[in-house]
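Participant: Here is what each chain is made of, one letter per residue.
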Amino acid sequence: MKQAPAIVLTIVLLILSHYLLNALINPYYLRVILLIGLSITLATSLNLINGYTGLFSLGHAGFMAVGAYSAAAVSVFLIPKLAFLNGLIPELIRGEVFFVLSLLAGACAAALVGFMIGLPTLRLRGDYLAIATLGFAEIIKVFFNNLEAVGKAKGFTGIPAIPHAVNFFWVFFIAVTCVWVVGKMTSSSKGKDFAAVREDEIASSSLGLSHFKVKMKAFVIGSFFAGLGGGVYAHLEGTIYPENFNILKSIEFVVMVVLGGMGRLWGVVLAAAFLTLLPELLRELPPPFSILSQFRMILYSLIIIITMLIRSKSFAKSIN
Amino acid sequence: MKTLLKVEQCGIQFGGLKALEGLDFELKEGELLGVIGPNGAGKTTFFNLLTGVYPPSSGRLFFKEQLVTALKPHQINQAGISRTFQNIRLFLNLSVIDNVCVAFYQHIKYSLWDVIWQRKKYVEEEKQLKAKALELLTRFDLHKQKDELAKNLPYGDQRRLEMVRALATQPKLLLLDEPAAGMNPTEKKALIELIRHLHQELKLAIILIEHDMSVVMELCPRIIVLDYGVVIAEGEPDYIRQHPVVIEAYLGEKKDVKSM
Numbered sequence: 043m044k045q046a047p048a049i050v051l052t053i054v055l056l057i058l059s060h061y062l063l064n065a066l067i068n069p070y071y072l073r074v075i076l077l078i079g080l081s082i083t084l085a086t087s088l089n090l091i092n093g094y095t096g097l098f099s100l101g102h103a104g105f106m107a108v109g110a111y112s113a114a115a116v117s118v119f120l121i122p123k124l125a126f127l128n129g130l131i132p133e134l135i136r137g138e139v140f141f142v143l144s145l146l147a148g149a150c151a152a153a154l155v156g157f158m159i160g161l162p163t164l165r166l167r168g169d170y171l172a173i174a175t176l177g178f179a180e181i182i183k184v185f186f187n188n189l190e191a192v193g194k195a196k197g198f199t200g201i202p203a204i205p206h207a208v209n210f211f212w213v214f215f216i217a218v219t220c221v222w223v224v225g226k227m228t229s230s231s232k233g234k235d236f237a238a239v240r241e242d243e244i245a246s247s248s249l250g251l252s253h254f255k256v257k258m259k260a261f262v263i264g265s266f267f268a269g270l271g272g273g274v275y276a277h278l279e280g281t282i283y284p285e286n287f288n289i290l291k292s293i294e295f296v297v298m299v300v301l302g303g304m305g306r307l308w309g310v311v312l313a314a315a316f317l318t319l320l321p322e323l324l325r326e327l328p329p330p331f332s333i334l335s336q337f338r339m340i341l342y343s344l345i346i347i348i349t350m351l352i353r354s355k356s357f358a359k360s361i362n
Numbered sequence: 039m040k041t042l043l044k045v046e047q048c049g050i051q052f053g054g055l056k057a058l059e060g061l062d063f064e065l066k067e068g069e070l071l072g073v074i075g076p077n078g079a080g081k082t083t084f085f086n087l088l089t090g091v092y093p094p095s096s097g098r099l100f101f102k103e104q105l106v107t108a109l110k111p112h113q114i115n116q117a118g119i120s121r122t123f124q125n126i127r128l129f130l131n132l133s134v135i136d137n138v139c140v141a142f143y144q145h146i147k148y149s150l151w152d153v154i155w156q157r158k159k160y161v162e163e164e165k166q167l168k169a170k171a172l173e174l175l176t177r178f179d180l181h182k183q184k185d186e187l188a189k190n191l192p193y194g195d196q197r198r199l200e201m202v203r204a205l206a207t208q209p210k211l212l213l214l215d216e217p218a219a220g221m222n223p224t225e226k227k228a229l230i231e232l233i234r235h236l237h238q239e240l241k242l243a244i245i246l247i248e249h250d251m252s253v254v255m256e257l258c259p260r261i262i263v264l265d266y267g268v269v270i271a272e273g274e275p276d277y278i279r280q281h282p283v284v285i286e287a288y289l290g291e292k293k294d295v296k297s298m
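In order, the protein sequences belong to chains A and B. Here my numbering is used: the first residue of the first sequence is 43, the next is one more, and so on. Here my numbering is used: the first residue of the second sequence is 39, the next is one more, and so on.
Be a bit skeptical, because a hint or two may be false.
Stated by the list, open to error - To spell it out: a stretch of chain B is covered by chain A in this simulated footprint if at least three of its residues, at any positions, have a beta carbon under 8 angstroms from a beta carbon of chain A; those stretches are: (1) 123–134; (2) 137–151.
To be verified - Have a look at the derived ranges for each label pair, beta carbon to beta carbon: (3) B:Leu187 <-> A:Ile53: 34 to 44 angstroms; (4) A:Pro162 <-> B:Ser95: 23 to 33 angstroms; (5) A:Met350 <-> B:Leu130: 16 to 26 angstroms.
For the record, the hints were derived by calculation from the structure and aren't laboratory data. Ideal Cβ positions, reconstructed from N, Cα and C, are used throughout, including at glycine.
Just chain A, same shape as in the assembly:
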């Protein structure tokens, strides 16, 4: 496999930068960087659904919630019962193995929920699909809000931290994987079906593409990565609340995709980084402007509006 060196190199680079950043950067900045990584995963997976395939999903935070709660539940409830396996797995990587297991469980749960929600809603178009996905995301939130086992509105506490505290590695390993998978898929001939369905459903079905299947594929893969992101987020935070995954969160991801350019891989990655960084940058403005920091959410919104207005398409094109 000729990709093996690239994969090993990526992993080594990520681990190196993890220790480098830990040594050089204060924890607050490191946390902002981690949030950027998570945003990249979520925005890119939504880009596959909304950008490449042209669906209008407003429920991405819902899938993230499913991933976060499922992965956390596996870590909290199931993993302790797997102690009998301890002998089989070397001590050094035991934590990692169980962590990956719960992440995958979370991602698969999110993909499954994506599939089930997709069955009825992907028959809808445009605004109708947006409203239906919004509704389902709310249902997911309400479900966790009322589930005793995961702490209801008080939050799901006691989620174990990422083993060996290599937070940066896991966050960005998943971000890189997500960008890689979406990017490679959509640039292959077989993966052009997403764009074909977005461009013209009637023409694509006249070429033998079932647009329902294509949409479902985008939806399930997108939910899978949203679930992965959610799982890492849960272990990063230690405590998660249903309110972390409300409609505003979904809209945040939609804004990233729209600002980055629907169906533009690197544009959306940049937009995700920019929009995660922006509110933090506005938190402490240098002296003459420091008074404005009180109004940072207003400034944040204004800057989004202005960038939307002046965003030149040629810029987005040139980076792709």
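Please build the complex by placing chain B on the supplied structure of chain A, with the hints as guidance.
Facilitator: Chain B in isolation, oriented as in the chain A frame:
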């Protein structure tokens, strides 16, 4: 020659409107059939019937002796019928070559899993696909614009690209819906040559809907005339040209000038 397509007493009804009625004919393998008729005669509805866009309200459709009446559009295409559209439907924001490559979809052997791992299987097949697409484009003289976005092509090129895309699905039967619409005489001439070439070289069965009589008369040995959803005449070009009912449908009733 074997029968490729058999239409058995097919009709389509929209509410009280009978868009097509009692359609009954056969198409042999490798035949070139022309369908003409005045505006609103039901020509495009006829294509929508054959491609599964509208299922027939009555009657049955057979393709290669298989019943295809209830199939969905993508299944009809997989069975071997491909079409172009009267109002061009390209994937406008995809490049010319991608428009063709995505049409290979059902014949692509690699999976998305192979793509993610960039396996040899994917890299090699992708290379072959691009080469095949380029070959098709060259035949239609579109190879120079292969990296252009489809929406930036001039009108005539867009029509030809739609034909390339339909051919890329490797059909047994190609349905062309007014391919000469909006073309100038030189372009029309080239198009006639192209269709003739496809028909003869690829042994492809073609049904051609066309407004332009000269194109149909020159290309098609057999012509069906539709009016108000009903077949009013069928036969060779010369027969059709002189058929009184056809003339009436196109030009109106013949009246004696003196008596007016």
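Participant: Checked against the structure, which of the hints given earlier come out wrong?
Facilitator: none
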